[in-house]
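Colleague: Based on the provided sequences and hints, a complete structural model is requested.
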Amino acid sequence: MGSKYQQSVRGCLPLWILMLELILLLVFFFFTSYGTYSKDQKELLGTYRGFQDVVIIAALGLGFLNTSLRRHCWSSVAFNLFLLALGVQLTVLLDGFLNHIFFGKININLTSIQRATMSATSVLISAGAILGKVNLVQLVFMTVTEVTAFSTTRMVAKRFLEADNHVTMMYIHVFAAYFGLTVGCCLPRPLPTGGKEKDQTATSPSLFAMLGTLFLWMFWPSFNSALLTIPDERKKAVFNTYYALAVSAVTAISMSALIHPKGKISMTHIHNAVLAGGVAVGAPCYLIHSPWLAMVLGFIAGLTSIGGAKVLLICLQRKPDIFGICSIYDTYGVHYTFGLPGLLGGIANIVLKALQVKWTETSMFSLKLEIVEITFCD
Amino acid sequence: MGSKYQQSVRGCLPLWILMLELILLLVFFFFTSYGTYSKDQKELLGTYRGFQDVVIIAALGLGFLNTSLRRHCWSSVAFNLFLLALGVQLTVLLDGFLNHIFFGKININLTSIQRATMSATSVLISAGAILGKVNLVQLVFMTVTEVTAFSTTRMVAKRFLEADNHVTMMYIHVFAAYFGLTVGCCLPRPLPTGGKEKDQTATSPSLFAMLGTLFLWMFWPSFNSALLTIPDERKKAVFNTYYALAVSAVTAISMSALIHPKGKISMTHIHNAVLAGGVAVGAPCYLIHSPWLAMVLGFIAGLTSIGGAKVLLICLQRKPDIFGICSIYDTYGVHYTFGLPGLLGGIANIVLKALQVKWTETSMFSLKLEIVEITFCD
Amino acid sequence: MGSKYQQSVRGCLPLWILMLELILLLVFFFFTSYGTYSKDQKELLGTYRGFQDVVIIAALGLGFLNTSLRRHCWSSVAFNLFLLALGVQLTVLLDGFLNHIFFGKININLTSIQRATMSATSVLISAGAILGKVNLVQLVFMTVTEVTAFSTTRMVAKRFLEADNHVTMMYIHVFAAYFGLTVGCCLPRPLPTGGKEKDQTATSPSLFAMLGTLFLWMFWPSFNSALLTIPDERKKAVFNTYYALAVSAVTAISMSALIHPKGKISMTHIHNAVLAGGVAVGAPCYLIHSPWLAMVLGFIAGLTSIGGAKVLLICLQRKPDIFGICSIYDTYGVHYTFGLPGLLGGIANIVLKALQVKWTETSMFSLKLEIVEITFCD
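Protein chains in written order, with UniProt numbering: chain A, 1 to 378; chain B, 1 to 378; chain C, 1 to 378.
If you're looking for bench data, these hints aren't it; they were derived computationally from the structure.
A quick note: this is a predicted structure, and the numbers were derived from the prediction, not measured.
Treat the hints loosely; a few may be bogus.
Pairs count within a copy or across copies, as identical chains cannot be separated in the list.
[As the list claims (entries may be wrong)] Below, a list of computed lysine to any residue pairs in the SDA-like style, where the Cα atoms sit at most 20 Å apart:
(1) Lys133 x Leu93
(2) Lys262 x Leu15
(3) Lys158 x Thr168
(4) Lys262 x Trp16
(5) Lys310 x Leu18
(6) Lys264 x Trp16
(7) Lys264 x Ala157
(8) Lys264 x Val134
(9) Lys133 x Lys264
(10) Lys264 x Asn135
(11) Lys264 x Gly132
(12) Lys353 x Val167
(13) Lys353 x Ser290
(14) Lys264 x Phe141
(15) Lys310 x Leu15
(16) Lys262 x Asn135
(17) Lys133 x Tyr178
(18) Lys105 x His289
(19) Lys353 x Leu161
(20) Lys105 x Leu26
(21) Lys358 x Gly132
(22) Lys105 x Leu25
(23) Lys158 x Leu98
Modeller: Pasting the structure below:
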């Protein structure tokens, strides 16, 4: 049932939340309306399915992903639903204000709710790093801060760097993981009483976590392809994500057995590393032209997620005085699930973009040469 | 594994069910056929998805919603599947006979199965109020009675009150909740032996209940929009349901912390109150023109669901002799999850309808005035 | 956490898997490419949903179906994901090589990944019969063998018997069940130490198994209709599967209560028998013209699945010396869930096909007669 709150929280929490909810209600009353619809029924259907897949990822997948520790499991699921419901309302408003300033009322449609759900996912990922250290009020504060920061970042990237919706969204993993870790560093360590018992992994909660992992694994192609509009790019995103996930699942499970002294498969490893491929392929998924490249990314992501976790753990345990100052508190290994693979995906995206530009330049150059030749020949 | 049945049930049950199943088979043999299809493949696809969402709500959502008590959890899921499978077969026939009497064979298509699944949901909701008091034969008897009553009510409302499919279906929550409570009042109280142990809430079953809650939460927009045919109304239904659910989740979780003496979030409250918004917005969802109204409904639904539960509980505990005669037995709080929010939705529907009629009349009146003016001017 | 592996497995396993994965990567690099797309976005959407349903059945349904035994539950889910991820990669390549030899690169599209996922399901079904007896390396070996065997069988049936995609796929249940049982017979019996504890059924794992069962129950219509391309056949497949599943659920639950000495519903029976109807109707689902026939199939499937299990068990226990030689090891009752109902479906398919041919012949004959008459009349 989560950590014990101070007595003061009892009075403070509902006042905070109900006030916030009433403010949101007022803002919605004055500034929003449902848009007029030009799209036909069939397009609604398609968007609705994509939207629902994102909701499944956020509410169910990320909710149950963080249930493997015995004493946090219930609060993890409940907090997740709370943060999602609050975060979506906030993000719809923020996105509306940031993108359509001075244009009267904010139009609410399925696409804007879908994007808001995806942005709110950042809070859910960050929460995985600090669960057990924070109470609900602190989480609400973090939600407001993180959602504002992420929406602003996206707006800036879109306006000044001319990045598209897909790319600005796909850096969510890196952003959320390191935001969560930073918050975790700033917060005081939780009291060590009963800490051992709290961190115990049990079979039944672990199966719930596996349920969350599986839902994420199955619906990740929908997440990666949600904001792509060109059919061809969308198909590539789906295929590449599927292949990367398949390879990273195989790699993670065999790596987990390699690392364990008795060759057993560790539950925690699977929860973390199975998804690494999907995260890594997130940003560049629409650029990859053949399955082997996605598979290579999935392979490396699986290796780094488990290998990196093991190496970092050993380093930290050996030299606690050197690294002591930046001792990372990470309840559910958000760093290995979302942080490292997200970085890998970012690098892959930049390399692929650069290669694409080079290829285009080369072909432009050869085209020019041809034109020049043709002109000369003429 | 349920309660212990009397010895006689062992012989009685399968005879009953197998006989019923054979009768159903014969009726299907003589009176039904698959219709000829005029719709194209793409429309099938859309209907199939909507149908599947309803099945997920019925089989998975309501099946797992009622698993939070340790000793009922298994029987709850198994009974739920049984009642659903039986109820759908009965309802398809009943709907067919009531709506197409004297027209030869009943045409079975996806829409009719979808509606039958939604009607059968009433039995699943009612069962939540009486689980632990009843054996399977009693449940079968209740299924036959309730499905007949609900289908007849719908038919009467459609024929004589000219209500549409959506509205007649959306009163299912109120109907089912109070049907279940009435049945619970009529049944003798279960033996008190081991009652305490039976009613214990445990973490692992509670997570299963949370799984059911989440599935209901995620797929509720599909349920509320399933029977609307005009695209614009459908979109409004989806948006309004989503917003009402989001607000009721936030409200319910903060209210739960307010009521608990230590500021903790109660599992039972969440299972009950998170869905209240979706239930409340069910009937009027296609009439609401802007998100704030849906959010207000969700807010009130969340408050009444938890607050009402608390107040009623205190009243009943204080004056047991006065209320003793109508002491309500409600295993899983069906009254607070479906009853009260359903009533709220009914009132909202009537008010909105009346306002709409008034608005239309006003605009008609001003239109007439204008016409008169124009005529005079001429 | 699965059975204890020998020390040697620790070094052997990851080498094997990583080598296999690298070989797969190389083959993908040289022999595959994403096809050029002629289909429009809407068709992608439809195929993507069908594909996702199959993934849900494979990863979630079959993963959680086999979690009812306390000590296998975790390894069952993890192994399932591993086998699925590996099996799909293998099958995509195998299907490509077997069907498009000498045509350059293999085109990968959603349909081929969907078929590969369905074929890989055979490994997951077989694994249910031998879990607890095998380690991961043996499972990988079985995957390679079974996937090759099944793909070859399908190719042979398609080329030489001119069977269509649907029929060749629907024999997967029979193939997988008896493949698994054969492998189980060949493997040495597991050490009996702690066997009792391992085979214990507990409530919480059983609810997970019920979750898997429910997902299979809900998405089975998608599986049975996935490879049918004519809209009319597809609709029939969906309807028939739904009715067969509904009837088999009712029959299985009442039969389970009939067999139990105290009239209780056995969890294991439900996990096995509820799906029997869907399996039985798999092959002939597109041929059945009215619901009653599907319901009869579901009824018989439910009866044989539970009745057959009971009778066989009694026989085996009474005369262990006679049947000792072929004593079947079947961890999760794959024989009753997939084997027997699959055989029933096969017989039904043959009978219906024969009747259809006869009907066609009769009508052809009467048509000829009519033509002759007309000719004579002229």
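Colleague: Now tell me, hint by hint, if it's right for this structure.
Modeller: Evaluated hints:
{"no.": "1", "hint": "Lys133 x Leu93", "verdict": "neither (29 Å within a copy, 48 Å between copies)"}
{"no.": "2", "hint": "Lys262 x Leu15", "verdict": "between (52 Å within a copy, 15 Å between copies)"}
{"no.": "3", "hint": "Lys158 x Thr168", "verdict": "within (7 Å within a copy, 47 Å between copies)"}
{"no.": "4", "hint": "Lys262 x Trp16", "verdict": "between (50 Å within a copy, 17 Å between copies)"}
{"no.": "5", "hint": "Lys310 x Leu18", "verdict": "between (44 Å within a copy, 18 Å between copies)"}
{"no.": "6", "hint": "Lys264 x Trp16", "verdict": "between (47 Å within a copy, 15 Å between copies)"}
{"no.": "7", "hint": "Lys264 x Ala157", "verdict": "neither (44 Å within a copy, 40 Å between copies)"}
{"no.": "8", "hint": "Lys264 x Val134", "verdict": "between (33 Å within a copy, 13 Å between copies)"}
{"no.": "9", "hint": "Lys133 x Lys264", "verdict": "between (30 Å within a copy, 15 Å between copies)"}
{"no.": "10", "hint": "Lys264 x Asn135", "verdict": "between (35 Å within a copy, 10 Å between copies)"}
{"no.": "11", "hint": "Lys264 x Gly132", "verdict": "between (28 Å within a copy, 14 Å between copies)"}
{"no.": "12", "hint": "Lys353 x Val167", "verdict": "within (12 Å within a copy, 45 Å between copies)"}
{"no.": "13", "hint": "Lys353 x Ser290", "verdict": "within (15 Å within a copy, 42 Å between copies)"}
{"no.": "14", "hint": "Lys264 x Phe141", "verdict": "between (41 Å within a copy, 18 Å between copies)"}
{"no.": "15", "hint": "Lys310 x Leu15", "verdict": "between (44 Å within a copy, 19 Å between copies)"}
{"no.": "16", "hint": "Lys262 x Asn135", "verdict": "between (38 Å within a copy, 13 Å between copies)"}
{"no.": "17", "hint": "Lys133 x Tyr178", "verdict": "within (16 Å within a copy, 43 Å between copies)"}
{"no.": "18", "hint": "Lys105 x His289", "verdict": "between (41 Å within a copy, 14 Å between copies)"}
{"no.": "19", "hint": "Lys353 x Leu161", "verdict": "within (14 Å within a copy, 49 Å between copies)"}
{"no.": "20", "hint": "Lys105 x Leu26", "verdict": "within (13 Å within a copy, 55 Å between copies)"}
{"no.": "21", "hint": "Lys358 x Gly132", "verdict": "neither (48 Å within a copy, 54 Å between copies)"}
{"no.": "22", "hint": "Lys105 x Leu25", "verdict": "within (14 Å within a copy, 52 Å between copies)"}
{"no.": "23", "hint": "Lys158 x Leu98", "verdict": "within (11 Å within a copy, 47 Å between copies)"}
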